[in-house]
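Chains as they are written, first to last, in our numbering: chain A, 47 to 601; chain B, 3 to 104.
Just so you know, the hints here were simulated from the structure itself, not pulled from any lab data. Virtual Cβ for every residue (Gly too), placed ideally from N, Cα, C. You may find that some hints are simply not true.
Unchecked claim - Under 8 Å between C-beta atoms, here's a sample of chain B residues computed to sit facing chain A:
#, residue
1, Leu73
2, Ala80
3, Thr84
4, Val87
5, Leu88
6, Cys94
7, Asp95
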Amino acid sequence: MSSATIVNLPDQSTARIPKMNYLSKENGLLSWLLTGDHKRIAILYLISISFFFFIGGALAGLIRLELLTPQSDLLATDTYNKVFSMHGIIMIFFFLVPSVPATLGNFLIPLMIGAKDLALPKINLLSWYLYVGAGILAIYAMITGGVDTGWTFTTPLSTHYVNTNVITTGIAIFIAGFSSIFTGLNFIVTIHKMRCPGMTWFRMPLFVWGHYATSILMVLGTPVLAIALVLVILERTVGIGVFDPAKGGDPLLFQHLFWFYSHPAVYIMILPGMAVISEVISTFSRKRVFGYTAVAFSSVAIAVFGFFVWAHHMFIMGISNYSVLIFSLLTMLVAVPSAIKIFNWAFTLYKGSITFETPMLYAFGFMGLFTIGGMTGIFLGTSGTDIHLTETYFIVAHFHFVMVGGMLMAFLAGLHFWWPKMTGRMYPEKISQLAALVTFIGFNLTFFPQFILGTLGMPRRYASYPPEFQVLNVFSTAGATILGVGYLLPVLYLTWSLKYGEIAGDNPWQATGLEWQMQSPPLTENFREIPIMDHEAYDYEWLERQKEKEVASVG
Amino acid sequence: MSEHSEHEHHIVSPKVYVAIFAALLILTGLTVAASYLEMGVFNAVVALAIAVIKATLVVLFFMHVKYSTKLTKLTVGAGLFTFIVLVGMTLCDYITRAWGRW
Ligand SMILES: [Cu+2]
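Chain B with its partners taken away, still in its complex shape (with noise of 0.2 Å):
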């Protein structure tokens, strides 16, 4: 811990902050407001969207991930990978299976 060359902390400023927090307030009402809206399949669509969006500012705002070393960039990603591999790996299954015998 002892070595700063290794952390420079960036000050993230607390005007930033509010910011996302106002973004992370609206895009919940956004949601809230979704829910009355029928849009058939597009319903669960847009509510994951909309909280990919929120996931992704807490990440690199909050959790500071935006002003980190591109090891911690590299850590994060990882795991996004592994998710989508997890999902997306699944999900063929899923949609393959209707299609029955080859």
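Okay, chain A solo, but in the shape it has when bound (with noise of 0.2 Å):
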């Protein structure tokens, strides 16, 4: 690694957490439980989403296990059905949906438009107990017999063929999706309402225009998963007949009603992942982004397109031609917002003062893996070949590059940028660049031998292939262990900074958002004082002229 370097820690022997912040304000476990406080929400939904991820985790280590093999001979194809489920289902409702937004998004936005806390603190709070109300329930239904329909709960099979948790997993799903309703409404409502003076639209950092492009898919696509839920719900329990052909109903008009959430369900994960990315660029460049307000429109013009595209998860599915040419075209369009994005980081990039911490190394994965991800959207986007490709393991690795080698690379990305802010501490440097790092190259060994197994033929969810795509598995098997080294990695060494990591300081990145301008770990009530914004995002020049300021006033 370079040695040059941007980190400005206080002098170690003297700087100390500063006795009063939001953490230390109240103790016991009902101060949290019941707490107002954007920041300790953010920080109970981090661990909640955490241990999500690593059953969902552990989940998908069985299924890549399972396959180290060409025979069904660790799980039984029925459990196989259940595994592969219940990873989606865990992984899409209970982390990627809630990852940023409601840890990172719930900690920073306040901060970075000078509030005091969101608009709707108690329906704040409520929305993590639906969300943990439903986590049990999601897990309850798993460990009493498990869901074997696919994350996507396809009908006929959801409602007329499989006995299995179908209405338990439903129940939870529906209650989940109302945590991330609240969530994006609070996020909506405290954007238009709560920023203070001098921060306009356009001096938002673009971190808080992701969010917004976010919470608005969250409050108009999510009442649609709701219908389409509790109407599989009413099909199993009453059959009401609205998917059912012998009713006058059409299975088709579920997949309708699913994808046209869940398109948009896979902005609502990867808008907040971007929208650390343009932080974490900018920082770690000293550059303001470039193309601000593209970028920013970019987001919403993502969160509008992504409305008009659903119908591309069902080419196959017996649409009409002439939806599937409409539906295609669209799909394009779509690629344009975020190619838009990626070249404006690139730019960014282009003669900055660029250095490699942690979040970096996590942004430049972001770039390089979101990119190999979209692209192959576009090929399961053309109609042509998609036809070829659908349902085999090119889709999985699509899928898997955008969620895991964008998201999850933007998460830990953030989640290493706001730890010194969040805890006070700052985390080991050597070792977080050596997981990043570790993380990269056992994501590229698990994924990237699936696209040639899809292009190859080997289809998706089944417990058996043939025995020519064993090699290709085992890479991918082999990979998913390295994969898993990345992400304990991260969980250790964060625990350990809780208690030795070397004190942060305010601004340990020299960043130049208003979440940096003030002690870390923050005060409950974030600001003495409500700020006055009186420059653009990401000037740089502004925070080396506060930076003399406090030299003459100090000297």
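Dock chain one against chain two, each of which comes alone in its own frame, and use the hints as you go.
Shown next, in the form of structure tokens:
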């Protein structure tokens, strides 16, 4: 690694964590469980989503172990169906959807726009309780027999053919959906109503723009998922027949409803990741994000276009040829704003003073892997190639490149980047750079072979496969173990750093956001007095002038 | 909540409420009456049209959207817009399925 660094820590022999902060204000379990503080709720969320991440990860481990050999020998085929279904359900609804918004977003949005809390603190706490309730219900469904419909609950399989815990799991996701709606609603109201004086829309950090777009999707999309699941439950319990051709219904209607949410849902998952990357790239190349306005609007464009492309998940399902044509064309459109972001980040790097701290390494990982994930999305959105590639491992690889290679990298980038602000202590730099590298290598080894497997025609969702696919599957499983190490490392050293990490001080990265101009960890009320925003976002010259002023006043 | 400038609450007079209530009752009666008429494909169309009118009255008057800020109207409009996209584009699929191959 390069020795150049922008890290600027206070003198460790004299530095102390500020006595008054949001962590030390009150003690005891109840002070956490009844808190209205957005920062504490963010920590609660962080602990709970990590818990679900490791359950989902363990299930992924089982899948990869089963696929080590061509025969279905480790798990019975029925069990395998349940394992991959629960892996998908937990990872998507209980990890990816709340991952960045409910943790980093919750923690940072009020700090970034100069507010003392979110607009609706109690709704924020309620959203966490709904999430936990839903999670417990999902785990209950898992241990009492599981569910084997895949995370997509496709009809008529889910309504007429399987006898697993579809209803319980459906209710769990229904409740989790409301938790996500509340988070989105809270962000929208906060961003509209609680910006500090001088914080105009175009002075907001791009992190806030990304979360604004995400919130729109959460509020407008999630109810449709709720409707779809309620209809599945009603179909199973009383047989209302909306999805049953024998009663005049249509099984494809379910997929229309489901994907109307679930395509925008991939943007609910990725937009907050992009929001993190904008901040990290700017800070570690010491430049204003190139094309700020374009990046801000591209988030909103993704949110809007995202509602017009859902049927690309249904090209081979029996929708009309004309629909295939239209949705295929519209899908090409949605690639444009994502490309705008990638190009603008690349231009931000151009001639920047780049340093390679851990968040930046993860951000580089994001840029590369998300680009591959996005480009293969074009293959799949093209109706001709989709017919060959869909329902194969190509889909699995594409989705994991975007979600694991993209979103998880972004989540880890953000977690490392704001860890000093959240805890007041630095994570150990060298070992975390190593972890970022291990993650990147493990990731590619796991998922790149799956692209090849997909083009060779290996179908997804089977416990066994023809022996000629074994070599690539062994690579993939080997990669998964490396990836597992890459994810365990941060848990260990971040926990270690809570006690032994170096004192971070207010602004270890010399970043420009309002959140970096206050003590770490912040006060419960964030700001002693509401700040006045008198400069543009990412204005590094303003930061320099600020520092000179401080030196002058001390001297 | 303390800023009074933002919350200029429009007071809706009881008269308006009563009028809307009466309109809703009449429309409910109309729905019942229409269900006795045989209008072929228009059975559903008429019933849905009456329902939409009733829902609009409720949203505009009982939920005060008519007297709300532009932002509230925009929010309601956004919900309506996504709903139309959902139903409209799904219906396009249903209708064109019968056209067969091109
Ligand atoms: Cu999609």
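Hint check results:
no., hint, result
1, Leu73, "7 Å, holds"
2, Ala80, "6 Å, holds"
3, Thr84, "5 Å, holds"
4, Val87, "6 Å, holds"
5, Leu88, "5 Å, holds"
6, Cys94, "6 Å, holds"
7, Asp95, "4 Å, holds"
The structure fails none of the hints (numbered hints given earlier).
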